[in-house]
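Chain by chain, the residues run as shown.
Protein chains: 2
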Amino acid sequence: MRRIRVGLLGLGTVGSGVFKALKSNRDVILKRTDLLFEISGILVRDRQKRREVDGIQPLLTTRFEQLLEQKVDVVLEAIGGVEPARTYIERALKAGCHVVTANKELIAKHGVELDALAQEKGVQLLYEASVGGGIPVLGTLRHLLKSNRIHRFSAILNGTTNYILTRMETEGISFDQALAEAQQKGYAEADPTSDVDGLDAAYKLAILGRLTFEVDVPVSQVSCRGIRDINPWELQLARSLGYRIKLLAQGEQYGEKGPLSLQVGPALLPFSHPLARIEGVHNAVHLEGDIVQDVTLVGQGAGERPTASAMVEDLCNVCCLPADHGCSAGEATLLPVDTGGSRFLFLETRESITQAKVAEVREVLRQIGLAVTDVSALREGKNGLAIILRRWDPSYPAVLLAELGLDVTHVVDRPVFGAVSSSDPALAASVS
Amino acid sequence: MRRIRVGLLGLGTVGSGVFKALKSNRDVILKRTDLLFEISGILVRDRQKRREVDGIQPLLTTRFEQLLEQKVDVVLEAIGGVEPARTYIERALKAGCHVVTANKELIAKHGVELDALAQEKGVQLLYEASVGGGIPVLGTLRHLLKSNRIHRFSAILNGTTNYILTRMETEGISFDQALAEAQQKGYAEADPTSDVDGLDAAYKLAILGRLTFEVDVPVSQVSCRGIRDINPWELQLARSLGYRIKLLAQGEQYGEKGPLSLQVGPALLPFSHPLARIEGVHNAVHLEGDIVQDVTLVGQGAGERPTASAMVEDLCNVCCLPADHGCSAGEATLLPVDTGGSRFLFLETRESITQAKVAEVREVLRQIGLAVTDVSALREGKNGLAIILRRWDPSYPAVLLAELGLDVTHVVDRPVFGAVSSSDPALAASVS
Chain A
1 MRRIRVGLLG LGTVGSGVFK ALKSNRDVIL KRTDLLFEIS GILVRDRQKR REVDGIQPLL
61 TTRFEQLLEQ KVDVVLEAIG GVEPARTYIE RALKAGCHVV TANKELIAKH GVELDALAQE
121 KGVQLLYEAS VGGGIPVLGT LRHLLKSNRI HRFSAILNGT TNYILTRMET EGISFDQALA
181 EAQQKGYAEA DPTSDVDGLD AAYKLAILGR LTFEVDVPVS QVSCRGIRDI NPWELQLARS
241 LGYRIKLLAQ GEQYGEKGPL SLQVGPALLP FSHPLARIEG VHNAVHLEGD IVQDVTLVGQ
301 GAGERPTASA MVEDLCNVCC LPADHGCSAG EATLLPVDTG GSRFLFLETR ESITQAKVAE
361 VREVLRQIGL AVTDVSALRE GKNGLAIILR RWDPSYPAVL LAELGLDVTH VVDRPVFGAV
421 SSSDPALAAS VS
Chain B
1001 MRRIRVGLLG LGTVGSGVFK ALKSNRDVIL KRTDLLFEIS GILVRDRQKR REVDGIQPLL
1061 TTRFEQLLEQ KVDVVLEAIG GVEPARTYIE RALKAGCHVV TANKELIAKH GVELDALAQE
1121 KGVQLLYEAS VGGGIPVLGT LRHLLKSNRI HRFSAILNGT TNYILTRMET EGISFDQALA
1181 EAQQKGYAEA DPTSDVDGLD AAYKLAILGR LTFEVDVPVS QVSCRGIRDI NPWELQLARS
1241 LGYRIKLLAQ GEQYGEKGPL SLQVGPALLP FSHPLARIEG VHNAVHLEGD IVQDVTLVGQ
1301 GAGERPTASA MVEDLCNVCC LPADHGCSAG EATLLPVDTG GSRFLFLETR ESITQAKVAE
1361 VREVLRQIGL AVTDVSALRE GKNGLAIILR RWDPSYPAVL LAELGLDVTH VVDRPVFGAV
1421 SSSDPALAAS VS
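In order, the protein sequence lines correspond to chains A and B.
When we follow the numbering used here, the leftmost residue of the first sequence carries the number 1, and every step to the right adds one.
When we follow the numbering used here, the leftmost residue of the second sequence carries the number 1001, and every step to the right adds one.
If we strip away everything but chain A, and leave its shape as in the complex, we get (with noise of 0.2 Å):
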């Protein structure tokens, strides 16, 4: 049996839910690793607010010195932001400690250097649960696939606008009223921002793409779209085509150690997509790998328990597993976003449109030459129009309401991502 003592930064839902898990697991932790880990000292801001976690007060701590004093082998940060959780895990590296976090903000904007400092001080920084919450795909990455080429992969890393848009659709409330709603259920934050704007994401992302791909990802220059403009509507016709609205988030390599798109936006996927039956609160990666083919993992990708999962097998990981060789070629080339392919126009109109238009619709887009995989109106009194359209130029919008003489109060595109699979006409019949 290894004693391993462990300092804990924070104690809010993250913090308390690896405290809980340590101790409820303690038992099958010890049978399957031999590692008995003590909590050594917890950090938190103040000593005297009340917790709801028994026989706690002994431990806590207001100085980050007096919890490295205590000669702790792993630092557990689950404070989050970049400052003062930075700081702190730069000290414990220094400091010859393991760390393990929880921060996709901090370790999308500082992994690279994080790392590099891990590895030069011999220890490892493991962040399972910046990426996916429960879902281990970051272990899966390193351990699990390792002598795949991953090529791409897409994924629905943002729990909160995933339950936002399936309650939209599901329910045909509302943007609004879904973020309502998931701020009362506590899946969205008092300021939604980082969530429904895709920056929680696209953190998620750079840190997915970097382990995926090997390049170090520069945040700030992942495309980032949120799902804010996205109305029941737009989620109606959408679904009325084949199709479920996500906000995905993509990565993909041209060549060995070619160039990458990445990028965060609502989506399109067909009802056969892996991804596209993803409810709720729920995350999934699908990865694509040149002999594996395909994997998908799916998973809570946030909350207590789920979180607490991640961290804690890291907390094991960092005695049990070894440390990534850290081959990283250099800062990754980002391609701008690609606008071509297939591509979903939604017009919200002034007018209802009818079954009549819909077919003039279709004549005048024969007429001017565009290759138009379909189109489709709402109905009941409720005015829109959507074309889905295989080949792309952004200034179709502006040629389209001039052609079409349809008086809209609204246009968006988004991508199309695959087509609609032949493997289930059933299916797409019955929402046609």
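Simulated from the structure, these hints should not be mistaken for laboratory data.
No experiment lies behind these values; they were computed from the predicted model shown.
It is possible that some hints are incorrect.
Unchecked claim - Straight-line alpha carbon distances no greater than 27 Å define the calculated DSSO-like cross-link-like pairs of lysine-lysine that follow: (1) Lys-1257/B to Lys-31/A; (2) Lys-1109/B to Lys-31/A; (3) Lys-31/A to Lys-71/A.
Knowing the structure of chain A, use the given hints to seat chain B on it.
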């Protein structure tokens, strides 16, 4: 750089897949693991047979002894079946070689003693490819969810039957037609018994159950039903009620160190269940753990490349990752199959069932006091009726046949897994 000498047993689909993958991904493996794998010899039955792999002739041998004399570090078994694979693996382990195998039958039947032998000799025996093809599910259980108590899993572990069921449902073709198609595409063997009768899935279930619950699972005691008695009308009726029928492998432990339920058989899954949308030859495993909540892994369950991926990853892992502690708690206590809970009853009839008759059936069921969730009949000249009952007793079919007065030619009942989720009423409505 460490050179690792590999002896390969068998050069069929899997063996040549591994040979090709080690060649094509040599650079990636070397960069990430510092390991260089060299095939020292390949055991085949016939040295003269024409091979599609280049430069392989000098490595071929028909004598296992000759392979061991090459001082190989790892033996990679890709023959399949119990003998002579078992003898070869035992001799390799006794000679101090690590062993990697894809052999589900062998590991299901003799994994306990082979694991013990490997532990005694201080070498590793890995068999990721034996369950779920390319999906790294055993590695995930061993290394990435080891602080979790997994109390339940459900899985689709046989791609052949999943392909057949998918085709029967989407195309409305018979079992025999779908099987012939699967054979033509190379998804089913000339003798499909092991796949369609559920034995292949039972082998994998026994392996997965042993790793998950850390007890020895005698494969002969796993309850096992196949898919031969399913017809497209039954699939259609299940679908109209909001379910899909899948050949499900399920494992559950009742309380810590408690008895297990392990079964393979067709079961109904609501559309909202993560496994309901697994199509074609894909496999999937849904794990429920006490901290992580739920994690689902999806990927290709068979085929040259996915299987080769799992074996090559294992090959790296005998060198990179620690061996299991091997903390089996002895033989499992298996519970008899639970026939309680919600159940689907399908009656094929000589007559067509009108909606008036459906209403009459509902009334009869109400009168005899059965808790009914739903009733649905086939239309368009197809003759059949399905009933979902909330509680079940094996005597019900006889009671119902007497009470309903229908001329029934075929009766079957299946467990219903979970309840229709209310999260997606639109989809549920669209197919009912």
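Structure-based check of all given hints:
no., hint, in the structure
1, Lys-1257/B to Lys-31/A, "holds (13 Å)"
2, Lys-1109/B to Lys-31/A, "holds (25 Å)"
3, Lys-31/A to Lys-71/A, "holds (25 Å)"
Violated hints: none; the structure is consistent with every hint.
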